[in-house]
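K.L.:
When you get a sec, could you build the whole thing from the sequences and use the hints?
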Amino acid sequence: MSSHAATIDHHHDPTTSTGIPNKKLLMWAFLASDCMFFGTLISTHLIYRLHPPAGGLDPKAVFSPELTSFSTFILLMSSLMMALAVTAIQKGNVKSCRWSLLTTIFFGMIFLGCQVYEFQHFVYDKKMTLSNSLLGTTFYTLTGTHGCHVAIGVLWLVLMYVRSFKPGTGSAQRTWFSAQILHAATLIVLLLLVLKVTLGLVHALQVEPGFGAAMTSFLKHEFLGIAGMMLALWGCVWFARPRGPVQFGVANAIDVESMGLYWHFVDIVWIVIFTAVYLLEYL
Amino acid sequence: MSSPSHSSAAVGHDHGHDESKFQIYVQIAMLLAVITGVEIVAVYLPFAKWIIVTSLVVLSAVKFLFVIFYFMHLRWDKPFCTILFFIGLVIAGATAWALIALFQAEASLPLPT
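From first to last, the protein sequence lines are chains P and G.
Quick note: the first sequence uses my numbering, first residue 1, plus one each step.
Quick note: the second sequence uses my numbering, first residue 1001, plus one each step.
Don't read these hints as lab results, they were simulated from the structure.
Glycine is no exception: its CB is placed at the ideal position from the N, C-alpha and C atoms.
A short, non-exhaustive set of chain P residues, derived as facing chain G with CB atoms under 10 angstroms:
1. Phe37
2. Phe38
3. Phe73
4. Thr87
5. Trp263
6. Thr275
7. Leu280
8. Leu283
Each computed BS3-like pair below joins lysine-lysine, with the alpha-carbon atoms no more than 27 angstroms apart:
9. P:Lys196 - P:Lys220
10. G:Lys1021 - P:Lys91
11. G:Lys1078 - P:Lys91
12. P:Lys60 - G:Lys1049
13. P:Lys23 - G:Lys1078
14. P:Lys23 - G:Lys1021
15. P:Lys95 - G:Lys1021
P.N.:
Here's what the structure looks like:
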């Protein structure tokens, strides 16, 4: 009996008629509908690739398999970290859950950074815009929609991470909401600045002739960004300092699990996009 | 006396279960990374196009199924979740197949300009 009481069954909920927690059921229903949404976008892209207009762009000359393979690997690793975050909170290990969430956010931002870089490269160097070719139209619509899903996932992860600091008791509870809005805002600013500074570094390394010249140009252009990044990092560390017991634990496992389902779905959509949109072009 | 020992045995069992789940997740992640590597190499192999396309589709399906059944817990969840998700997946797949088949019909081909 004691072992039964000590073990919480995270997969079956006796309080609902289906035996499945409502939040989880809602998420599965949403993901089923999102399958149809992405199904139409992927098939539209494939149809126009099977019947390309004369004089259109050659995807082989546009796409970069190395970058896409790297972002695919990153997204797979983010899925692993998300699964570990769910397992950690199911055990009541808040600290481990927070670190796993932060790592997932980090990987998600790397993926978004790769996508921003890829889009910028395609538009400015390869001259493929949303409106100048059918390939550009279907490609940007499909991968852009997926990117929006990743960005929403990162935002959700940030909010869940901040939520894990909700104080259990005491006067801090009254000011928690406003303090955590600031915490979330600081973390989002940090992530955006890291993205901007990293892209600035990559740009400088590509444009400038030598490493020294690249670093000089990078520091000249990104000095304010680096300073802001350091300030935001300090703010995040300050907000995350230990402040006693928190109202976040095993009871919130279903929230983290629902978010995890969304994140894994974004990963499986990319698995299909990676093969259908990128790899098949190289045959 | 028996209660704490029973309880600690249960905790030990849970700990073992969590350990095995952690190992399963890491092993699956490594497997997915290896499959991704194989996919990238496969497109450059000098085999017939249909063999490579079939291989890519099968490998993607394997990755897809591993993620939904292990990372998304469908293996341990009630079958209703699997049914619900597969309803959407089957409709999406059928719509994609129907659209591609429709556009392959001669009447649907773009007119020469």
